[in-house]
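Here's the letter readout for the chains.
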Amino acid sequence: MLRLAWRNLLRTPGRSLVTGGVVALVVFLSLLFLSVYGGAFDAFFQLLLERTGHLVVRVEGYKGKEDLESLAFVPPELPLPPGARVEGVLEGGALLLAHERSRAVVLTGLEPLGLARQESLLAAGRLPQAQGEALLGEALARALKVGLGDEVVAYAPGSLGLGVYAFRVVGLLDLPETHLEARTLLVPLADAQVLLAPGRVTRLEVRLPGLGLYDLKPLEEVKAALMPHLPGLVAETWLEANPAYAAILPLYDAVMGIYVGFFFLLGGLILLNALYLSLVERVREFGLLAALGLTGRRLMALVFWESLLLVGVAALGGMGAGLLVHLELADGFRLPLPGWILEQYREFGLPEVLYGRLGVKEVLLTLGYAVGTGLLAALWPGWLASRLEPVEAMRYVP
Amino acid sequence: MSLLRLAWRNVLRQKRRTALLSLVVVYVTVAVLFMFGFLDGYGESLVEAYAEYVEAPVVVAREVWWQDPDPENGFRELPAVAHPLVQAATPRLSLYALLRSPYRMQGGVVLGVDPQGEKVLSRVPFRVGEGRWLQGPGEVVLGHRLAERLDVRVGERLVVETGKEALGLLVVGLVRSGVGNVDFGGVYLHLEDARKLSGGRVGATYLALKVPRGKEEGVAKALNQVLPEGLRAKAVWELMGPIRADYEGSRLFYVPLLGLFMLLAAVAVVSTTYVSVRERLREFAVAESLGLSPARLAGQVALEAALASGLGLLAGLLLGYALLGYTSTHDVFGPLMRLSVELLPEAGLSEHLYTSSRPIYALYASLLVAVSALLALLFPGRLVLRLDPSRYVKGE
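If you read the sequences in order, they're chains H and G.
Last residue of the first sequence? That's 398 in the UniProt record's numbering, and every number before it is there in order.
Last residue of the second sequence? That's 396 in the UniProt record's numbering, and every number before it is there in order.
Bear in mind the hints are in silico, worked out from the structure with no lab data behind them.
There are no misleading hints in this set.
List of simulated lysine-lysine pairs, DSS-like, C-alpha gap at most 27 Å:
(1) G/K119 / G/K196
(2) G/K196 / H/K145
(3) G/K234 / G/K215
(4) G/K196 / G/K164
(5) H/K145 / G/K234
(6) G/K221 / G/K234
(7) G/K164 / H/K145
(8) G/K234 / G/K119
(9) G/K119 / G/K221
Whenever a hint applies, use it, and build me the whole structure from the sequences.
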């Protein structure tokens, strides 16, 4: 049956090539699409992970808390696995004053490790090395008309600390998002504590080296181990700490499934058309085969084999091409869009260079669609073939 | 005319085949209509959000303010703006400030407005979900999500500080506009209060103009030719933030993809026509020996392809416009948009998105018929052109 099906496909090489080409193109485009979108999602999530760490410790019920006094806490000792690092962060609102100008800012106090992570974003100057030194977003510095070496005053009324603190600008940061850059003030943690809340932090960031983006299970285990040591505090994974992004993750699979489904639906309709044409062309042959004793089920199987062979070979071809392109994308690529659009995408946290990502799940999804399409498209022509009356079929005139 | 009738009869001879073929065309037609309707709807929702809520249809400000939007670069005196399409104008004064409720503190941009003037120009005054719109100095209206963040309610006081001045204002209303920027960051106070907060030397930072929808670019261009030196008008598309890139990027991505869909559908049409022509080569030979030229017969093949895909196109247009009709009146994409607004509260996205429905989409989709006919002329049509009538008539 398999040999017969294969021979039938080779009898109309033009049509088989065109139909197979469509299926291969659909498989290729699906893999390309999934690789690019996977890469874009990774970029978004990587940015979140870098900013918050793997685990975030905050005051229990922090979403409902109101003032800095309720949100700030004295950091406890954490029993962390070997290699893990914990950093305290104190964050609060302030008005930053420079000469005649002022801007509302988010003042963030970071430990030396946290400040060191900003080095790649430095557009000018250096990292703070002593008390009273600060990093400003470039857009914020422009708005305040200050540069390196200038003095700015942070005013935070109603806080637990001094409420006013003078900083010298020692570095300017080029953040991807201008709206963040226009309100970012990074200072040493000790200075932020003097200004806002002595001895306290508003969150602890735990970083676990060697743990990838989606290694959520080991992360949950570390979180569970930490919980008994956090009285009045709560630990969240980086995804839980960003609930809106966490809501996207389960949606991602569904949306990708639907997107790829759109491609395959078109491919399936074209395949169905080709299989039906092939059946119509060979009605007399089918009649003869039936007259010679081939049962309806076997005729149906023949159509299915033809479909599966065609889809299988085409899918392998498309998959090969898709995986080759994916290997290229995995090394880094830029979206083929004008520079000004890419520049604007950075405002949403999408870097200009993305890295394609294709997991086993995505490859299986594509293969599943291909096989499903092959089977579904063969269903109707196969059923028609199985119901042919031998005598009528042998006398068939188109 | 006879060719058309002949082609039509041939299309109807294989009803099942034509129906199957039409299915491909229907699918692609619906996809084309829906994607264009979605993209245009998305663009319109952005324009509406920026023109009616976040910014204005056209904004006139000093060139220096566009480069450095600080109140000190605002107008001392308001300029006179004259254009027949300008329906209304109102001054606004935007300031960077620290907002302090009894419990929380947050930075933001406050907008000093003329309460009555704003009613003509913006929809924000009509989207006050709790309390009322501004009536005079000493009052403030907030976006409802911002009020939640600040933990402040109607009837409570909010302190606004700019470093130069500070005012304690009474919260009189909360806006529920469904537009991210307004609900998450909107702070509206009286122009007089904004002037005090800016130090009293600035009258307004810009002039917001109301112009008819679709005329924004033209009015801004015309104004830029007559405005005094140092002033510049910008239309709503220029006022949009980075979200405009998302819209433009989507178009650049989806339009070629739809082109590919149409090409593949045309290939399916031609493949069917090819089989149909091969089955009828003897018929074509008889017709040619009766006097019909090969070129006319090839034309008939193209016409058959056009008619077969035309049937699918008609059904696709019916289904596609029905789908657009539904999605342009029902907020099907609401949940998705609400999630997007949560993710990107400063992008100017609206919580609602309705698709657009324009007649031009039918023209885009009908390109499929033209491509099918052209390809049919090139491939199965060639079979007819190369036909040797004597051989086929003899039945060889």
